[in-house]
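Asker: Spelled out from the first residue to the last, the chains are:
Number of protein chains: 4
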Amino acid sequence: MNVIVDLCVVPLGVGVSVSAYVAECVRVLRDAGLATHTHAYGTNIEGDWDQVFAAVKQCHERVHALGAPRVSTTIKIGTRTDRMQTMDDKVRSVEEKLI
Amino acid sequence: MNVIVDLCVVPLGVGVSVSAYVAECVRVLRDAGLATHTHAYGTNIEGDWDQVFAAVKQCHERVHALGAPRVSTTIKIGTRTDRMQTMDDKVRSVEEKLI
Amino acid sequence: MNVIVDLCVVPLGVGVSVSAYVAECVRVLRDAGLATHTHAYGTNIEGDWDQVFAAVKQCHERVHALGAPRVSTTIKIGTRTDRMQTMDDKVRSVEEKLI
Amino acid sequence: MNVIVDLCVVPLGVGVSVSAYVAECVRVLRDAGLATHTHAYGTNIEGDWDQVFAAVKQCHERVHALGAPRVSTTIKIGTRTDRMQTMDDKVRSVEEKLI
Numbered sequence: 005m006n007v008i009v010d011l012c013v014v015p016l017g018v019g020v021s022v023s024a025y026v027a028e029c030v031r032v033l034r035d036a037g038l039a040t041h042t043h044a045y046g047t048n049i050e051g052d053w054d055q056v057f058a059a060v061k062q063c064h065e066r067v068h069a070l071g072a073p074r075v076s077t078t079i080k081i082g083t084r085t086d087r088m089q090t091m092d093d094k095v096r097s098v099e100e101k102l103i
Numbered sequence: 005m006n007v008i009v010d011l012c013v014v015p016l017g018v019g020v021s022v023s024a025y026v027a028e029c030v031r032v033l034r035d036a037g038l039a040t041h042t043h044a045y046g047t048n049i050e051g052d053w054d055q056v057f058a059a060v061k062q063c064h065e066r067v068h069a070l071g072a073p074r075v076s077t078t079i080k081i082g083t084r085t086d087r088m089q090t091m092d093d094k095v096r097s098v099e100e101k102l103i
Numbered sequence: 005m006n007v008i009v010d011l012c013v014v015p016l017g018v019g020v021s022v023s024a025y026v027a028e029c030v031r032v033l034r035d036a037g038l039a040t041h042t043h044a045y046g047t048n049i050e051g052d053w054d055q056v057f058a059a060v061k062q063c064h065e066r067v068h069a070l071g072a073p074r075v076s077t078t079i080k081i082g083t084r085t086d087r088m089q090t091m092d093d094k095v096r097s098v099e100e101k102l103i
Numbered sequence: 005m006n007v008i009v010d011l012c013v014v015p016l017g018v019g020v021s022v023s024a025y026v027a028e029c030v031r032v033l034r035d036a037g038l039a040t041h042t043h044a045y046g047t048n049i050e051g052d053w054d055q056v057f058a059a060v061k062q063c064h065e066r067v068h069a070l071g072a073p074r075v076s077t078t079i080k081i082g083t084r085t086d087r088m089q090t091m092d093d094k095v096r097s098v099e100e101k102l103i
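Residue numbers (our numbering), protein chains in the order written: chain A, 5 to 103; chain B, 5 to 103; chain C, 5 to 103; chain D, 5 to 103.
Quick caveat, the hints were computed from the structure, so don't treat them as lab data. Careful, some of the hints might be misleading.
Since the list can't tell identical chains apart, any single copy or any two copies may satisfy a pair.
[What the hints assert, rightly or not] Below are the SDA-like pairs computed for lysine to any residue, each with C-alpha atoms no more than 20 Å apart in a straight line:
| no. | residue 1 | residue 2 |
| --- | --- | --- |
| 1 | K61 | N6 |
| 2 | K61 | E50 |
| 3 | K61 | S23 |
| 4 | K101 | Q62 |
| 5 | K61 | M5 |
| 6 | K101 | V32 |
| 7 | K61 | A27 |
| 8 | K101 | A39 |
| 9 | K101 | T85 |
| 10 | K61 | E28 |
| 11 | K101 | L70 |
| 12 | K61 | A24 |
| 13 | K101 | R34 |
| 14 | K101 | W53 |
| 15 | K61 | R34 |
| 16 | K101 | C12 |
| 17 | K101 | Q89 |
Whenever a hint applies, use it, and build me the whole structure from the sequences.
Answerer: Structure, rendered in structure tokens:
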């Protein structure tokens, strides 16, 4: 099952600067061979359900290992059975209607 | 790794009434032996990471099998390494401060 | 326009214990006369759009005033024009299908 | 109070194709003079709290006016009092750590 995910990881107990933890998560996702796009409030991910969620789990483990005692993550998950749709397709579909 | 999750599954392409799909997800979660609490905008779940996410995947599969061609889910995930905390602990901790 | 909201406020830069900040938000919401239900990963709110969002803004202001330099909040917002539906209606609708 | 928001509007009861509704929301945001970046699972918005939330309300009104009887939206809201930070700053801060 293919999935498009938006991942926003928030480490707690490490102060206000969280970009080092977010960067580490992006590294985990890329090392897993997943397509990603990082925006100002999260990272879009595209891939096979099991591979994506194995990487998400690894993100939590890695952020804890870097010293965050608490992690609060928000994820959006999109799946569809009617047709194949990539992240680029979704953005293009909106942009075409804005011309 | 223990996890507290909040799950909100939204089926698309099946009209405005979604409670049958939500109920099916609650059934999947309970059948998986997970502790749940359903509120007006989702379901709290508590359990082992792998068990919780296996059940979440099954929710998507089941909602598609019931006829929804598209599913958009929002999940919040909390993990902590400093101490054990249950769903009840979290609510109690807030309520104690409201007295 | 009536709205059902789920609010999850996460203060950053104040350590791992956030219940005092969450309790303050619940106080703000109740003082605003809004119906609320606090669960393990947020608070359901029901009311008029403008009143609810005025209270949400006040939550951010109050959490900053309590000392949090950064706040990251997740909100779900449900509106419908086909019929009136309360938070209790939503939960009951799911529970009826689980019997 | 300045705010960085991520907005994901999901219309229900209008089938599986939602890009026309999302495009209409982006139009509302741009007409309000707000900075936006649309990604595969939502739109980042930057601006003054009151202006951003007036536009978000208008998005719900417009999506209903286009025929959606039900709308379920997820929003992330970030505010900080320690320093000014733009959407571009946030992305750059992560990217610098990935080099």
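Asker: All hints are to be evaluated individually against the structure, with a verdict given for each.
Answerer: Results of checking the hints against the structure:
For the homomeric pair K61 and N6, the shortest alpha-carbon distances inside one copy (17 Å) and between copies (11 Å) are both at most 20 Å. Proximity of K61 to E50 under the C-alpha cut-off of 20 Å is found in both arrangements, the shortest distances being 16 Å within a copy and 16 Å between copies. Taking CA atoms no more than 20 Å apart as the test, K61 paired with S23 passes inside one copy only; the shortest distance there is 18 Å, against 25 Å between copies. Taking CA atoms no more than 20 Å apart as the test, K101 paired with Q62 passes between copies only; the shortest distance there is 19 Å, against 37 Å inside one copy.
In this assembly of identical chains, K61 and M5 lie within 20 Å of each other by CA distance both inside one copy and across copies; the values are 18 Å within and 9 Å between. Taking the closest pair of Cα atoms, K101 and V32 come within 20 Å of each other only across two copies (13 Å); inside a single copy the shortest separation is 34 Å, beyond that limit. Taking identical chains as interchangeable, the C-alpha atoms of K61 and A27 lie at most 20 Å apart only when both belong to the same chain, with a minimum of 15 Å there against 26 Å between chains. Taking the shortest Cα distances, K101 and A39 sit within 20 Å of each other only across copies (18 Å), while inside one copy they are farther apart (25 Å).
Taking CA atoms no more than 20 Å apart as the test, K101 paired with T85 passes in neither setting, with 24 Å inside one copy and 25 Å between copies. In the homo-oligomer, the alpha carbons of K61 and E28 lie at most 20 Å apart inside one protomer (13 Å), although the nearest pairing across protomers, at 25 Å, exceeds that limit. For the homomeric pair K101 and L70, the shortest alpha-carbon distance between copies (14 Å) is at most 20 Å, but the shortest distance inside one copy (43 Å) is not. Only within a single protomer do K61 and A24 lie at most 20 Å apart by alpha-carbon distance; the minimum there is 18 Å, versus 29 Å between protomers.
For the homomeric pair K101 and R34, the shortest alpha-carbon distance between copies (14 Å) is at most 20 Å, but the shortest distance inside one copy (31 Å) is not. Taking the closest pair of Cα atoms, K101 and W53 never come within 20 Å of each other, the shortest separation being 29 Å inside a single copy and 27 Å across copies. Within a single copy, K61 and R34 get their C-alpha atoms as close as 14 Å, which meets the 20 Å cut-off; across copies the closest is 22 Å, which misses it. For a Cα distance limit of 20 Å, the shortest separation of K101 from C12 across copies, 17 Å, qualifies, whereas the shortest one inside one copy, 28 Å, does not.
For the homomeric pair K101 and Q89, the shortest alpha-carbon distance inside one copy (17 Å) is at most 20 Å, but the shortest distance between copies (31 Å) is not.
Violated hints, listed in ascending order, are 9, 14; each of the other numbered hints is respected by the structure.
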